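S.K.: On the provided structure of chain A, position chain B with the ligand as indicated by the hints.
Chain order of the listed sequences is A and B. Each residue of the first sequence is one higher than the last, beginning at 1 in our numbering. Each residue of the second sequence is one higher than the last, beginning at 1 in our numbering.
Keep in mind the hints are simulated off the structure, nothing from the lab. Check each hint, because a few of them may be wrong.
[Unchecked claim] Chain B stretches covered by chain A per the calculated footprint, using a threshold of three residues with CB under 8 Å from any CB of chain A: (1) 655 to 668; (2) 676 to 687.
[Stated by the list, open to error] With a Cα cut of at most 20 Å, we get these calculated PhoX-like pairs of lysine-lysine: (3) K241/A to K626/B; (4) K297/A to K548/B; (5) K84/A to K223/A; (6) K140/A to K205/A; (7) K2/A to K433/B; (8) K2/A to K133/B; (9) K568/B to K548/B; (10) K92/B to K2/A; (11) K133/B to K150/B; (12) K84/A to K59/A.
[Claimed, not checked] Chain B residues, not near chain A, derived (Cβ > 10 Å throughout): (13) A2; (14) S121; (15) R179; (16) K433; (17) H437; (18) A741.
Remember, predicted model here, so these are calculated numbers, not experimental data. Using N, Cα and C, we set each Cβ at its ideal position, and we do this for glycine too.
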Amino acid sequence: MKPFELVNASSLSSALGALGQAKGAVAKAGGVDLLDLMKEGISAPPRLINLRTIAGLDKIAAASGEQGAVLGPLATLAQLAESKALAGVPAYAALAEAAAAAATPQIRNMATLAGNLCQRPRCWYFRDADYHCLRKGGNKCFAHSGDNAFHAIFENDKCAVVHPSAAAVALSALGAKLELQRAGKDGKVATRELAMADFFVAPSKDVQRENVLAAGELISAVKLPAPQAGQRSAYIKQKQKQSFDWPLGEVAVSLTVTAGKIAAASVVLGSVAPIPWRAKKAEAALVGKAADEALIKAAAEAALAGADPLDDNGYKVPLVKALVRRALTQALVSK
Amino acid sequence: MAKRVKAKLGFPGHIESVEIELPPGEPAPWDADSKLAVIGKDATRHDALAKVTGKARYTTDIKRPGMLYARVLRAAHAAAEVQQIDVAKAKKLAGVKGVVVLPVRNARFVGQPLAAIAATSEDVAARALALCKVSYKTRPFVVQLDDAMKAAAPAVHAGGAGASAGAGKSANIRKSKSRRRGDVAKGLRAAKHKVEATFRTQVVLHSSLEPHGIVVDYKDGKADVWCSTQATFAVRDEIAKALEIPVARVRVHAEYVGGGFGSKFHAGTHGLLAAKLSRQTGAPVRLCLDREEEQTATGNRPDSLQRLTLGADARGQLSAMKTVSYGTGGIAGGAGTASPLYNLYDCKSKAAVEHDVYTNAGPAAPFRAPGHPQGAFALEQAIDMLAERAGVDPIAFRINNDKNPVRQAELRRGAERIGWDARRNKKAGGGAKLGAHGELRRGIGVANGLWYNTGRARGEIHVKLHHDGMVEVISGGQDIGTGARTLLAMVVAEELGLSPSAIRTHIGDTSGPYAPGSGGSTTTPTMSPAARKAGYRARLRLEALARKVLGLGDDAALVFADGKVQSKDGGKQISFKKLCARLPEQTMTFSGPRAPNYKAYRETTAGVQLAEVEVDIETGVVRVVKIVAVQDAGRLLNPLTARSQVNGAVLQGMSMALFEERVMDSQQGHVTNANLEQYKIAGAVDVPEIDVQLFDVYNGSNSTGALGLGEPPIVATPGAIANAVYNAIGARVMALPITPARVLAALAAAKKGGAR
Ligand SMILES: Cc1cc2nc3c(=O)[nH]c(=O)nc-3n(C[C@H](O)[C@H](O)[C@H](O)COP(=O)(O)OP(=O)(O)OC[C@H]3O[C@@H](n4cnc5c(N)ncnc54)[C@H](O)[C@@H]3O)c2cc1C
Numbered sequence: 001m002k003p004f005e006l007v008n009a010s011s012l013s014s015a016l017g018a019l020g021q022a023k024g025a026v027a028k029a030g031g032v033d034l035l036d037l038m039k040e041g042i043s044a045p046p047r048l049i050n051l052r053t054i055a056g057l058d059k060i061a062a063a064s065g066e067q068g069a070v071l072g073p074l075a076t077l078a079q080l081a082e083s084k085a086l087a088g089v090p091a092y093a094a095l096a097e098a099a100a101a102a103a104t105p106q107i108r109n110m111a112t113l114a115g116n117l118c119q120r121p122r123c124w125y126f127r128d129a130d131y132h133c134l135r136k137g138g139n140k141c142f143a144h145s146g147d148n149a150f151h152a153i154f155e156n157d158k159c160a161v162v163h164p165s166a167a168a169v170a171l172s173a174l175g176a177k178l179e180l181q182r183a184g185k186d187g188k189v190a191t192r193e194l195a196m197a198d199f200f201v202a203p204s205k206d207v208q209r210e211n212v213l214a215a216g217e218l219i220s221a222v223k224l225p226a227p228q229a230g231q232r233s234a235y236i237k238q239k240q241k242q243s244f245d246w247p248l249g250e251v252a253v254s255l256t257v258t259a260g261k262i263a264a265a266s267v268v269l270g271s272v273a274p275i276p277w278r279a280k281k282a283e284a285a286l287v288g289k290a291a292d293e294a295l296i297k298a299a300a301e302a303a304l305a306g307a308d309p310l311d312d313n314g315y316k317v318p319l320v321k322a323l324v325r326r327a328l329t330q331a332l333v334s335k
Numbered sequence: 001m002a003k004r005v006k007a008k009l010g011f012p013g014h015i016e017s018v019e020i021e022l023p024p025g026e027p028a029p030w031d032a033d034s035k036l037a038v039i040g041k042d043a044t045r046h047d048a049l050a051k052v053t054g055k056a057r058y059t060t061d062i063k064r065p066g067m068l069y070a071r072v073l074r075a076a077h078a079a080a081e082v083q084q085i086d087v088a089k090a091k092k093l094a095g096v097k098g099v100v101v102l103p104v105r106n107a108r109f110v111g112q113p114l115a116a117i118a119a120t121s122e123d124v125a126a127r128a129l130a131l132c133k134v135s136y137k138t139r140p141f142v143v144q145l146d147d148a149m150k151a152a153a154p155a156v157h158a159g160g161a162g163a164s165a166g167a168g169k170s171a172n173i174r175k176s177k178s179r180r181r182g183d184v185a186k187g188l189r190a191a192k193h194k195v196e197a198t199f200r201t202q203v204v205l206h207s208s209l210e211p212h213g214i215v216v217d218y219k220d221g222k223a224d225v226w227c228s229t230q231a232t233f234a235v236r237d238e239i240a241k242a243l244e245i246p247v248a249r250v251r252v253h254a255e256y257v258g259g260g261f262g263s264k265f266h267a268g269t270h271g272l273l274a275a276k277l278s279r280q281t282g283a284p285v286r287l288c289l290d291r292e293e294e295q296t297a298t299g300n301r302p303d304s305l306q307r308l309t310l311g312a313d314a315r316g317q318l319s320a321m322k323t324v325s326y327g328t329g330g331i332a333g334g335a336g337t338a339s340p341l342y343n344l345y346d347c348k349s350k351a352a353v354e355h356d357v358y359t360n361a362g363p364a365a366p367f368r369a370p371g372h373p374q375g376a377f378a379l380e381q382a383i384d385m386l387a388e389r390a391g392v393d394p395i396a397f398r399i400n401n402d403k404n405p406v407r408q409a410e411l412r413r414g415a416e417r418i419g420w421d422a423r424r425n426k427k428a429g430g431g432a433k434l435g436a437h438g439e440l441r442r443g444i445g446v447a448n449g450l451w452y453n454t455g456r457a458r459g460e461i462h463v464k465l466h467h468d469g470m471v472e473v474i475s476g477g478q479d480i481g482t483g484a485r486t487l488l489a490m491v492v493a494e495e496l497g498l499s500p501s502a503i504r505t506h507i508g509d510t511s512g513p514y515a516p517g518s519g520g521s522t523t524t525p526t527m528s529p530a531a532r533k534a535g536y537r538a539r540l541r542l543e544a545l546a547r548k549v550l551g552l553g554d555d556a557a558l559v560f561a562d563g564k565v566q567s568k569d570g571g572k573q574i575s576f577k578k579l580c581a582r583l584p585e586q587t588m589t590f591s592g593p594r595a596p597n598y599k600a601y602r603e604t605t606a607g608v609q610l611a612e613v614e615v616d617i618e619t620g621v622v623r624v625v626k627i628v629a630v631q632d633a634g635r636l637l638n639p640l641t642a643r644s645q646v647n648g649a650v651l652q653g654m655s656m657a658l659f660e661e662r663v664m665d666s667q668q669g670h671v672t673n674a675n676l677e678q679y680k681i682a683g684a685v686d687v688p689e690i691d692v693q694l695f696d697v698y699n700g701s702n703s704t705g706a707l708g709l710g711e712p713p714i715v716a717t718p719g720a721i722a723n724a725v726y727n728a729i730g731a732r733v734m735a736l737p738i739t740p741a742r743v744l745a746a747l748a749a750a751k752k753g754g755a756r
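Looking at chain A on its own, in the form it has when it is part of the complex (with noise of 0.2 Å):
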């Protein structure tokens, strides 16, 4: 690891003026994927600027109600998981399975929501310096011609890494809001609310980067909807061991029933694509229909319709329409 100079923020200001001064500073939340990329030499920022030292930043606001929930980029995935306003809440429910599902105990005390949406994919050829593939700035895709069981089977044309936030597949699905601020040329702070579908990028866009975080910019907060009559949601993950391990597939649904007709309804999936993965074909087959066998059946079909798998990773066909038609069940007789 490069020796780094480690700025300790004592506001969210003027962590904002910390990371607009100095080119090359980065925001370090837990540093769990931070601390893993510098010791891997993948990245050597000169400069942290440590958002732990800020109070208040890991506040979870229930919803109440027009008012969504309001999430603090700082909260930990264990408070994520364990929060009764998330957890206790059928709508959003899907967010604390995520964040309970993700990484290790003692790793969910330290990860924090906004990290977790920022971190880095896994793909083990990104990861390893001596491997210059197009996500470092290099011509090629090592996974392609490599060993890519855990890689993508969607959008892999170009770049084959998974998107690695369990986060961020639960928030797509609940149509969560990210504000963002960054210091601008004033002193003023800028700030900006996007869509998790407008945050993410894909390789077509931009192959070197995984969402549209400017220079100094940060995640200031994370909003839910409120909650809708009827709406409950569900995260599942899919591991090879039943211990820590990463998923093989994750899928996130979200779906509003009226009058015992789906009114509205997200599906989501994860570890299948760069970004996280909206089956928008799904959606469609649910919405306007009463949630039967047949109806699950055929919504999981669609979300897999198009995937295109490489040498190894074919398996997540098979594998994630299952856990499709799982989300989509516990969903429908959570209540």
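M.R.: For chain B with the ligand alone, coordinates are given in the frame of chain A:
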């Protein structure tokens, strides 16, 4: 003079009276009639508290005044001529104190050691590595077994000693061993039922929690060495050679070892580099490998490609067994897997041909029962396939084809424990649809195991009696987690009528008496008889003294129990402590050299396992629900640590069956998962119910009757799990690990091929 005694050997229900010739001066073996106070009863590990409280100091914990930290410079290419290693810049970096460059002409795998640098901190050493410049002339390389076997494959040992290509043949294939008996062709012609099948297993990494590491403190022609090793004396000799000093001037300490599993028999290149750096700098040098180095360059269990042909007659009696196997352990190391087939089952005609295949990857090292879990995975599935064709129940088939009474009894015990008749699916894949979505299928399978060792006539133990009644047991060998420290104390405690906790064992210091490396599951059967011999000699001396002190006749029998020595009728007694106070010397040392083996009831251990699994047929995910492990190991000295060995082996075997696999990249020759994150190892939640059924067999092979136990319980695990998976889903997975991808593929193939 050799003495003849009768001993009751065997196991309950099968006890025989056997005449044994004892080597001169040896005690009669503990047999079925021996009434023992300590042996055979659970004893907590003497080092348990130190280990769980963190007091135990492992090699990585050692700090010496003025100690330097060393790192290894490693080859960046899988095959290259090393033209120059330029360390000039590194030497100039502030804090760098020493550099040793190895005379490497050819790099043959990514991660091969080239040089080492000692510096004032780990960080400085790492930065110095980055300043080294190595000029390579790269060559084509090969990292996969199948690729290396092709005629046109690059020769891994090109440009050096090793294979040379024959016309139309890969230079990387070396026939390593060929065994045959009877007439296999004839046996196959006579067969009514036949199985021909190809199996594959993966490369598995030892992944010891404590990576390889060493601290060498060389001063004034003497060296103190702390090393994470399973062979203290081998390390001593290698370090002495590297430093060109007599072995007596090297003292190796290995009080605690965080796992070895076969990978730690040597000082290793890093150890020799550390020794040379210590001599060069005149300072203690620590060189502990990181996880990536550990998973890349310190050993592995070779993979395998096994073609088996089995034949049986109409009644299901085996008529021929044949295996031809290939496997790669990288640039070196035996990959044979044929021993289970050659040594299990009574069949007149057998052929076993093994080949090692070189690849540009780190060298293999022995790994818990080398070759055996791989070989049994193939063999035990093929046996089940044959039994199915012959219409015979798998357990009945095994019993019919193997006269070993221990294994037969174990199979019956195992069948009872798992509920074989009632709970196993009569038709593979025909079980109930379980789970919330009807997606789960349960299945039960069985596999045989075997192991060989009865210990060797090597090594020695010292027992020291002190005048205050303190007893010390001393061995220069090591306890790599098998409980040796506790077992040696137990054996001496039994002999002297003391409690094991009253005895202090010193272990892991080569200033003590010689002990061989802990390999082949020989430590307990080799060292426990030596401990008994030393304790027995101490006892003889104390008996003579007690007779005098108690005024008994020269032949009067004495009982040593509960810390007392008394006449047989109990009329006269003296405490052990007071008796020691009457010894003529302050301290008396009794040496117990390991005698040659007596006559064994059986030279081998059996061991069978039964697995129950649950398979999700939609995702292909397998969960092991339960393993019944029925295991003998001669006379069981400490059932508590014995169960712990079985638990550990079953977990390692299960992890190999379902998860572990080193992945090599053919593009740049790296191990893609040289960490414990993407190299999948079973964790706490994966642990099934393990029903350990210890099977005491009174074995007259040595004075304690103990056989080895470290390796045997891993042999059957993958095969039992694979057979259980078949019973659950009606499709066979012919390769390890049994991943979701393989399960789904097997299911899809079975569906296509129709029900069998
Ligand atoms: C063994 C292991 C297993 C894991 N398993 C899983 C899993 O199953 N599922 C899963 O989802 N994850 C998993 N993870 C990943 C882990 O959850 C992430 O590494 C973690 O969430 C990162 O959070 P952090 O707070 O430590 O981020 P950091 O490491 O501190 O930061 C990560 C990135 O986010 C940026 N960042 C941090 N905060 C902000 C902010 N407020 N605004 C903008 N950018 C910001 C940083 O600059 C950096 O680029 C695993 C990790 C490990 C090591």
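S.K.: Kindly indicate which numbered hints from before are broken by the structure, ordering the numbers from low to high.
M.R.: 4, 7, 11, 17 and 18
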